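Chains as they are written, first to last, in the working numbering: chain H, 13 to 230; chain C, 19 to 245.
By construction, these hints were calculated from the structure, which means they are not laboratory data.
Don't take every hint at face value.
With a straight-line Cα cutoff of 25 Å, these simulated SDA-like cross-link-like pairs (lysine to any residue) come out [unchecked claim]:
id, chain 1, residue 1, chain 2, residue 2
1, H, Lys162, C, Val117
2, H, Lys162, H, Met13
3, C, Lys199, C, Gly220
4, H, Lys228, C, Thr91
5, H, Lys162, C, Asp182
Some chain H residues judged to face chain C by a derived CB distance under 8 Å, without partners named [said to hold, decoys possible]:
id, residue
6, Phe15
7, Gly19
8, Asp22
9, Gly96
10, Glu167
11, Tyr168
12, Asp171
13, Arg217
14, Asn221
If you're wondering where the values come from, they're calculated on a predicted model, not measured in any experiment.
Glycine included, each C-beta is placed from N, C-alpha and C at the ideal position.
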Amino acid sequence: MQFEIVGNPDYGELKVVLDVGDVVLAEAGAMSRMSGGLEMQSRMMGGFLQAIARKLVGGESLFVGEYTAKEEPGYVAFAPGVPGCVQHRKLNGDSLILTAGAFMACTPDINLKPVFGGFKALFSGEGAFYLEASGKGELFFNGYGGVIEKEIDGEYIVDTGHVVAWEPSLDYQITGMGGWKQTLFSGEGLVLRFSGQGKIWVQTRTMGNMAGWLRKYC
Amino acid sequence: MHVDIQKQGAFASALIKLSPGDEFVSDAGAMYRCSTNVDIDVTTKSRGSGGFFGGLKRLLSGETFFLSTYRITDSNVGEVGIAPTHMGEIWAIEMDGSVDWMCAGGSYLGSTPGLQLDTEFQGFKGFFSGEAPFFVRVSGRGTLLVAAFGRISEQNLDGDMIIDTGHVVAFEDTMEYKLSKAGSSWFQSFLAGEGIVLDFEGAGKILTQSQNLKDFGKDLGPRLPPR
């Protein structure tokens with residue numbers, strides 16, 4: 013299997029070339045074009061209950077599309093629903109936390125599990141549940157806008173709604189930004205304060221801010 | 019201090035590296051990430067921009083009421099990431115103090131503390147243009163960040179040019195400009211959908227944006243179900 017991400021940072025998409033026997037899974041609806049010889053099946057990843065949970069709480073679809081090159085090699089391209097960066101991450105037994113909607117595609121030995129983020133997650137602007145991707149293989153995720161990778165060693169602050177993914181070696185707290193005046197008037201409100209050592213991926217725009225602006229035209 | 023534009027294009031953002039003693043000012047709400055040794059102070063003004071009234075005027079110009087000032091609280095370096103709401107480019111303008119820049123329609127994103135911000139009323143015609151009738155005047159020495167809806171292109175004017183108010187991002191205050199009509203009469207201009215334009219004359223730089231944010235909103239908004 014070969015893959016290539018093209019079009020970053022504005023209109024990223026993922027192109028995958030499958031050899032006979034290769035399988036790739038993708039978020040339902042992400043396929044934009046594929047060769048005729050590929051077999052596509054929708055399935056519930058990780059079994060019915062996990063799929064239901066992922067749908068209800070993870071903001072992801074109940075089904076994922078499974079693309080298999082059964083008898084001949086093939087080609088499939090995936091595009092995220094929102095414009096922005098597509099990121100690749102190779103998992104080698106480690107795991108990655110994805111916020112709702114960030115999952116895009118993966119190879120079959122990656123498992124996606126919904127994780128309740130706890131009470132604090134309700135205020136994170138990212139939904140109360142996250143997806144934990146683990147296993148061995150290739151993982152692809154996306155954000156609205158440019159996605160920037162940041163190595164944290166110590167502490168770092170990210171505005172709510174801008175977090176795409178992070179390594180589980182990091183923990184976070186929801187805090188205000190400075191004192192009450194800053195929290196109320198800085199326009200930042202609550203922020204996520206990450207601590208530990210690991211990587212985080214942030215997006216440079218949020219759909220929430222965009223939708224907020226659009227309200228005055230409805 | 020170092021200002022770096024990242025992911026230039028539809029989703030540009032700016033990363034400002036701050037050393038102890040450095041400050042940076044931005045539109046309130048533009049910060050999307052920062053190191054923990056950065057403190058935000060929220061004011062209605064930056065230096066010389068007129069306190070509460072300055073904040074009120076800025077609000078009328080399509081900017082937010084408040085400005086955020088970022089400072090380092092310890093002896094280490096720190097960083098602040100700044101991004102606008104809309105899709106588009108960010109440009110950094112290096113100002114040497116000789117020429118003021120005018121920011122139109124909410125394009126002001128941030129600035130180094132050596133720059134003063136003031137809001138200027140463009141007359142009552144502006145109210146009818148559908149665009150904000152205020153510009154933010156930026157003067158002094160430092161780096162100014164402007165954000166646009168779409169791609170920014172630079173027009174080097176020497177003579178005369180007419181630009182739709184919705185496409186003006188910022189311009190040097192070296193030219194004569196007036197709000198005017200695009201067609202031969204107000205009625206003609208209205209029918210052509212080009213209500214009010216800015217009529218520039220002289221020599222100077224003008225930054226224009228490829229798309230008009232208000233037109234985008236007017237196109238998209240009515241397609242949504244009513245609230």
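Chain C contact restraint on Tyr168(H) - CB to CB distance below 8 Å:
Holds. Min distance 6 Å.
Do the alpha carbons of Lys162(H) and Val117(C) lie within 25 Å of each other, as the hint requires?
Given that 25 Å is the threshold and the Cα spacing comes to 37 Å, the pair is violated.
Hint status (Cβ of Asp22(H) to nearest Cβ of chain C, threshold 8 Å)
The hint holds - Asp22(H) has a Cβ within 8 Å of chain C, the shortest such distance being about 4 Å.
Less than 8 Å between beta-carbons is the criterion; does Asp171(H) satisfy it with respect to chain C?
Interface hint status for Asp171(H): holds (4 Å vs cutoff 8 Å).
With 8 Å as the cut and Cβ atoms as the points, is Gly19(H) at the interface with chain C?
10 Å, violated
Does the CB of Asn221(H) sit less than 8 Å away from some CB of chain C?
4 Å, holds
Quick check on the hint: Arg217(H) CB to chain C CB, less than 8 Å?
Check passed: Cβ of Arg217(H) comes within 6 Å of chain C, closer than 8 Å.
Given the hinted pair Lys199(C) and Gly220(C), is their alpha-carbon gap at most 25 Å?
19 Å, holds
Identify whether the interface hint at Glu167(H) stands, where standing means a beta carbon of chain C within less than 8 Å of its own.
4 Å, holds
Hey, Lys162(H) versus Asp182(C), does the alpha-carbon distance stay inside 25 Å?
Roughly 40 Å between the alpha carbons, so the hint for Lys162(H) and Asp182(C) is violated.
Within a Cα-Cα threshold of 25 Å, do Lys228(H) and Thr91(C) meet the stated pairing?
Given that 25 Å is the threshold and the Cα spacing comes to 38 Å, the pair is violated.
Given Gly96(H) as an interface hint, is the shortest Cβ-Cβ distance to chain C below 8 Å?
6 Å, holds
Checked against the numbered hints given earlier, this structure breaks hints 1, 2, 4, 5, 6 and 7; the rest are met.
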